[in-house]
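Novice: From the two separate chains plus the hints, produce the assembled complex.
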Amino acid sequence: MSTGVTSQGVRKTPTMYEIPRSARSDMRVGARVYADGELWEQLSSDRSLPQLMNVATLPGVHDWVYAMPDTHEGYGFPVGGVAAFRTSDGIISPGGVGYDINCGVRLLASQLQASDIKPDLEKLVHDLSRSVPSGAGRGGALTLSDKELDRVFSEGCGYLVGRGLAQPEDLVTTEAGGCLTDADPGHVSARARQRGSKQLGTIGSGNHFVEVQVVDEIFDKDAGAALGLAPGQITVLIHTGSRGLGHQVCTDYVRIMDQVMPKYGITLPDRQLACAPFASEEGQAYFGAMCAAANWAWSNRQVITTAIRKVFERAFGEAGKLLLVYDVAHNIAKVEEYNGTRLCVHRKGATRAFGPANDETPEAYRDVGQPVFIPGSMGTASFVLAGSDATSSLSFGSCCHGAGRRMSRGAARRIKQGHEVRRELSERGIVVRCGSNKELAEEAPHAYKDVERVVDVVHAAGLARKIARLRPMGVVKG
Amino acid sequence: MSSERAAESTSHELVEEAFELGLRVRAPSFGELVAEAGRAISKLMLAGLAGGAGGAGDASGEWRRFEIQAADRAAVLVNWLNEIIFHAETEHWIPTEFNVESASDSAIEISARGVTVEEAPTLLKAATFHGLEIKETDGTLLVEIMLDV
Numbered sequence: 001m002s003t004g005v006t007s008q009g010v011r012k013t014p015t016m017y018e019i020p021r022s023a024r025s026d027m028r029v030g031a032r033v034y035a036d037g038e039l040w041e042q043l044s045s046d047r048s049l050p051q052l053m054n055v056a057t058l059p060g061v062h063d064w065v066y067a068m069p070d071t072h073e074g075y076g077f078p079v080g081g082v083a084a085f086r087t088s089d090g091i092i093s094p095g096g097v098g099y100d101i102n103c104g105v106r107l108l109a110s111q112l113q114a115s116d117i118k119p120d121l122e123k124l125v126h127d128l129s130r131s132v133p134s135g136a137g138r139g140g141a142l143t144l145s146d147k148e149l150d151r152v153f154s155e156g157c158g159y160l161v162g163r164g165l166a167q168p169e170d171l172v173t174t175e176a177g178g179c180l181t182d183a184d185p186g187h188v189s190a191r192a193r194q195r196g197s198k199q200l201g202t203i204g205s206g207n208h209f210v211e212v213q214v215v216d217e218i219f220d221k222d223a224g225a226a227l228g229l230a231p232g233q234i235t236v237l238i239h240t241g242s243r244g245l246g247h248q249v250c251t252d253y254v255r256i257m258d259q260v261m262p263k264y265g266i267t268l269p270d271r272q273l274a275c276a277p278f279a280s281e282e283g284q285a286y287f288g289a290m291c292a293a294a295n296w297a298w299s300n301r302q303v304i305t306t307a308i309r310k311v312f313e314r315a316f317g318e319a320g321k322l323l324l325v326y327d328v329a330h331n332i333a334k335v336e337e338y339n340g341t342r343l344c345v346h347r348k349g350a351t352r353a354f355g356p357a358n359d360e361t362p363e364a365y366r367d368v369g370q371p372v373f374i375p376g377s378m379g380t381a382s383f384v385l386a387g388s389d390a391t392s393s394l395s396f397g398s399c400c401h402g403a404g405r406r407m408s409r410g411a412a413r414r415i416k417q418g419h420e421v422r423r424e425l426s427e428r429g430i431v432v433r434c435g436s437n438k439e440l441a442e443e444a445p446h447a448y449k450d451v452e453r454v455v456d457v458v459h460a461a462g463l464a465r466k467i468a469r470l471r472p473m474g475v476v477k478g
Numbered sequence: 479m480s481s482e483r484a485a486e487s488t489s490h491e492l493v494e495e496a497f498e499l500g501l502r503v504r505a506p507s508f509g510e511l512v513a514e515a516g517r518a519i520s521k522l523m524l525a526g527l528a529g530g531a532g533g534a535g536d537a538s539g540e541w542r543r544f545e546i547q548a549a550d551r552a553a554v555l556v557n558w559l560n561e562i563i564f565h566a567e568t569e570h571w572i573p574t575e576f577n578v579e580s581a582s583d584s585a586i587e588i589s590a591r592g593v594t595v596e597e598a599p600t601l602l603k604a605a606t607f608h609g610l611e612i613k614e615t616d617g618t619l620l621v622e623i624m625l626d627v
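Just so you know, the sequences run in chain order P and V. Going by the working numbering, the first residue of the first sequence is number 1, and it counts up by one from there. Going by the working numbering, the first residue of the second sequence is number 479, and it counts up by one from there.
Isolated chain V, as found in the complex (with noise of 0.2 Å):
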């Protein structure tokens, strides 16, 4: 696939499903669908704070590594956005810019940089596994995620 078709085919939007809140990401790749489903959260998190911080560009300091292994890619993906949640809560550190390493089936390295914001960033409180699937047509990826809020 061309990289110009794989961008067209890499999105995001957010879903809502009954009561909760969730993300639709695609992707050409499991790496790209990682890395998206990270800039999906990211912006939902940024969203409404002052300064308007979080576009790419803003992306400062050091790259950070992130190594996640798991059973398999749902897993994988689930675990990653829990780390997101996690650093963003703690540090509120959002990651806005990624770069996958490698991915597998069963796991991902994958580094990434962001902003530090002053205000507390508007909280994800967990990634589920709640009706989670991913599935591939015509080459994408596609998966839903619901996040707890």
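Next up, chain P with everything else stripped away, as it sits in the complex (with noise of 0.2 Å):
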């Protein structure tokens, strides 16, 4: 399949192409896609680049809508686009969130070497698998109260610290304190407090996994000692979100606000980029709710830290002590100023990287930027970089999220079992937990597109710069 869409775009930089407002009646503003000319030819066989132009089409939509270089097709909105609109006059979407809201990435530093796991990777991976629960629909060992859920919806981080689960230090290195202090755990629908309320600690299925690493590369050593991060040292990676409660939220409000677009006078290219202006009753109940999701996804993500950190304790008494190097969303919409205006960014599938100067980085990453994490696929590496100021002008603060899915998952099936799959990374020296082979082949490296060029488009394109690659050591999936 060709939707023909690539032929309009035109490369203005080797690292950019622009699809003009004019290549479709109803856009508002052009498209910008982050890629490099293989990674764009890639596009022609996906609706991505449609789904882009139609997002372009929403109301009070700003500027540019963009797509990062992992960009592919998603529910309305493309996975790895960035859209922002005028609160003033513009609209909100769940669709341009996605359903797991606040998906995002967590990586935890030790003093260890590989040296000093290695004899006891098989048991450290399966003490991880046991400590943190996974698969789908898999409940945690936390099960909150309508009033304790509340304070997880309002507080995020911050009331897990009173609850010994979290380190007050913990807050200053996550995204926003883990903490979106817009939300409104009033229009969470009871439907989604159920999904959510014995959830918290919980990896989920999917794409979501805890993995073990080791610092392979260091790209640049001063931002790497800024972050903590040497060659031969051991890191924990975690990937996942707010699980059934983030779906829920999402399904209702798609619901809600395809009933109320009539009354607000939007049509859609795609009913599944339902919205409401942002600034409507509607629109601020999504909004309300999302950043409450949101909280819980970051909870989520503390819990499992604490049952890392637990598990590493044991097995290495002080030396295994995990500091939290960053915490970054990669599916949220977040309402920042640019250049005066104030605007609700959608990032869905795409991270935010924002620069040194920004008040938003941690101070103690103020020379270096904001950590940015792009997982790779299981088996191959991960990279962290650190966003720059410049990235504010090119993609509205944002970058990629990971090195994007290339095929179906059924197609990832057909080419490679579960069981070959894991033999694969075994004969490799990685340690996999998986309960399901199914998902084992549906996640394997040939599912994705090679993170190393995705992530070597980010920081040619200048939306952040590399920092340190991380190899893969051993790995518990949903």
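What the hints contain is simulated information worked out from the structure, not anything from laboratory work. Treat the hints loosely; a few may be bogus.
Per label pair, the in silico range of CB-to-CB distance [claimed, not checked]:
1) Lys521(V) - Asp222(P): 52 to 60 Å
2) Pro356(P) - Arg543(V): 53 to 61 Å
3) Thr181(P) - Glu597(V): 34 to 42 Å
4) Glu318(P) - Glu491(V): 41 to 49 Å
5) Lys613(V) - Gly37(P): 34 to 42 Å
6) Asp182(P) - Gln547(V): 29 to 37 Å
7) Glu360(P) - Lys613(V): 46 to 54 Å
8) Thr615(V) - Lys438(P): 29 to 37 Å
9) Glu597(V) - Tyr264(P): 30 to 38 Å
10) Lys521(V) - Thr341(P): 27 to 35 Å
Listed next, the in silico DSS-like pairs over lysine-lysine satisfying Cα-Cα at most 30 Å (straight line) [unchecked claim]:
11) Lys310(P) - Lys123(P)
12) Lys310(P) - Lys198(P)
13) Lys416(P) - Lys438(P)
14) Lys123(P) - Lys263(P)
15) Lys521(V) - Lys198(P)
16) Lys198(P) - Lys438(P)
17) Lys147(P) - Lys310(P)
18) Lys263(P) - Lys613(V)
19) Lys12(P) - Lys123(P)
20) Lys521(V) - Lys416(P)
21) Lys521(V) - Lys263(P)
22) Lys118(P) - Lys321(P)
Calculated from the model, a selection of chain P residues having no Cβ within reach of chain V, i.e. all distances over 10 Å [claimed, not checked]:
23) Arg11
24) Pro59
25) Phe219
Everything numeric in this text was worked out from a predicted model, so none of it was measured. We put the CB at the ideal spot given by N, CA and C, even for glycine.
Specialist: Right under this line is the structure:
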């Protein structure tokens, strides 16, 4: 299948293509796509570019819409899409955030070296798989009452400090301190609450994971040192989000917005883009609920962090202490100001990448920029990057979020079965714990784009700069 | 349409489109389309569970009654499937038998009974509007519904 849209794009730089506003009569702004020649050509085989152009038709869309180098087709918005809408006359769209609200990545750093854990790697990964529940629909060790759930929604990770599930310093290196203050638990439905009440501290399924890694290469020694990273060091990367809770919030508000759009005179090229004016009752209700779900997701990664810390401290004592390098969302909508205009920036499968001068970059990283993590596929490297101040004018301060899928789950299974993937990873010394061979096959490295190429485009385009490469040693998958 | 012919024109299959999984469902009426979509999603969620639960004959317990209202048929269908997904995740209850009581372009009343499984079912996270269009050809309705997995 070819959408033919790539022929409408003009290469403006070696790593950026433009689709002009004139490409379609209903587009309100143009589209910019960060890609090299090969990634650009790959985009002709799915509908991500027509989807990006659909986003450019939405009311109040500002300046440009962007696709990151890992972009691929999503529901409504493409994954890897960034779009900003004026809070004064623009919309907010649940589809622009995605079902897994505040899906994100958190990196923990130890003082251990690879040689310290290698003899016990099997046992370590096994203990992690027993301590961090994973898999579809799995509940966690914590069951929250309605009142406790409200506090997680309102206070995020701050609430967990009092519960002994977070250290105060963890909040400093979590995006937004792990709490969006616009959260409104009153706009989270009873169904979403039900789905969220038993899943705090769980990974879930799909491409979510906990990965034990070694720092394979440092590209920027000073920046690496500022983040506490050095070659040979053991790190842990956590990738998960808001589980069934986030899906229910998105489902609820797609339904609500689908009903109210006629009232606001909004017509769409794709119903999955259902939206409402940001300032409207429905827009504000979704924003309040989305912020609450985002706070739950940061708390989810925090509770998982506590479980992982216990495993490492049991195994390695004081040497197993894990420090939180940073935690950053890649499915979220946030209100930010650019050149004096307040915008609701939607990042769906895109990571915030603020530079050193931004107030939201933690004090400790002011010489470096906000850390950005780009997980590879299972078995391939992940990358640590840092945002730059220039990114604000390139992509509303955003960069990519992963390697990006390049084939369907079924196609991946047909190429290689789960037990083959498991054996190949084992032959490379990577220990995998995954309850489902099917999931393993679906998340195999060949199902994803080349993460090195994606990261090189990000670096060359100036969206973020490379600091370190992390190589997987052990993976716990949902 | 005779009941035999109606049964022949009611079917479902899995589809894979780009990066996601979906259902292609055919039925002679909207009510049957809703019921068949329910059967399809239930079968998908029960696939791979130990014990082979999930055939229509395995259904037990009380019939549960559902009323879904929405702006149009597409929204009714999406809301119905999300209803099933919610019960599967929160109760591990999966409907396998369906009885459509009434169906219009904006509402459906349907009863269902099914199985409660111990093991977490293969979970689908949401039914979406992505590319959703209900087409009618020669008295048969056809729809493709993409699922977030």
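Novice: Each of the hints needs a verdict: does it hold here or not?
Specialist: Evaluated hints:
1. Lys521(V) - Asp222(P): 52 to 60 Å: 57 Å, holds
2. Pro356(P) - Arg543(V): 53 to 61 Å: 60 Å, holds
3. Thr181(P) - Glu597(V): 34 to 42 Å: 40 Å, holds
4. Glu318(P) - Glu491(V): 41 to 49 Å: 57 Å, violated
5. Lys613(V) - Gly37(P): 34 to 42 Å: 38 Å, holds
6. Asp182(P) - Gln547(V): 29 to 37 Å: Cβ of Asp182(P) to Cβ of Gln547(V): about 31 Å, so the range 29 to 37 Å holds.
7. Glu360(P) - Lys613(V): 46 to 54 Å: 48 Å, holds
8. Thr615(V) - Lys438(P): 29 to 37 Å: Given a distance of about 34 Å, which is inside 29 to 37 Å, the answer is holds.
9. Glu597(V) - Tyr264(P): 30 to 38 Å: 45 Å, violated
10. Lys521(V) - Thr341(P): 27 to 35 Å: 50 Å Cβ-Cβ, so the 27 to 35 Å window is violated.
11. Lys310(P) - Lys123(P): 14 Å, holds
12. Lys310(P) - Lys198(P): 21 Å, holds
13. Lys416(P) - Lys438(P): Given that 30 Å is the threshold and the Cα spacing comes to 10 Å, the pair holds.
14. Lys123(P) - Lys263(P): 58 Å, violated
15. Lys521(V) - Lys198(P): Satisfied, since the Cα-Cα distance of roughly 26 Å is no more than 30 Å.
16. Lys198(P) - Lys438(P): Judged against 30 Å, a Cα distance of about 25 Å means the pair holds.
17. Lys147(P) - Lys310(P): The hint holds at about 27 Å.
18. Lys263(P) - Lys613(V): This hinted pair holds, its Cα atoms lying about 27 Å apart.
19. Lys12(P) - Lys123(P): 51 Å, violated
20. Lys521(V) - Lys416(P): With Cα atoms ~24 Å apart, Lys521(V) and Lys416(P) stay inside 30 Å; holds.
21. Lys521(V) - Lys263(P): Distance of about 38 Å is beyond 30 Å: violated.
22. Lys118(P) - Lys321(P): Holds - the C-alpha atoms of Lys321(P) and Lys118(P) are around 17 Å apart, at most 30 Å.
23. Arg11: 24 Å, holds
24. Pro59: Pro59(P) is indeed farther than 10 Å from all Cβ atoms of chain V, at 19 Å.
25. Phe219: 31 Å, holds
Checked against the numbered hints given earlier, this structure breaks hints 4, 9, 10, 14, 19 and 21; the rest are met.
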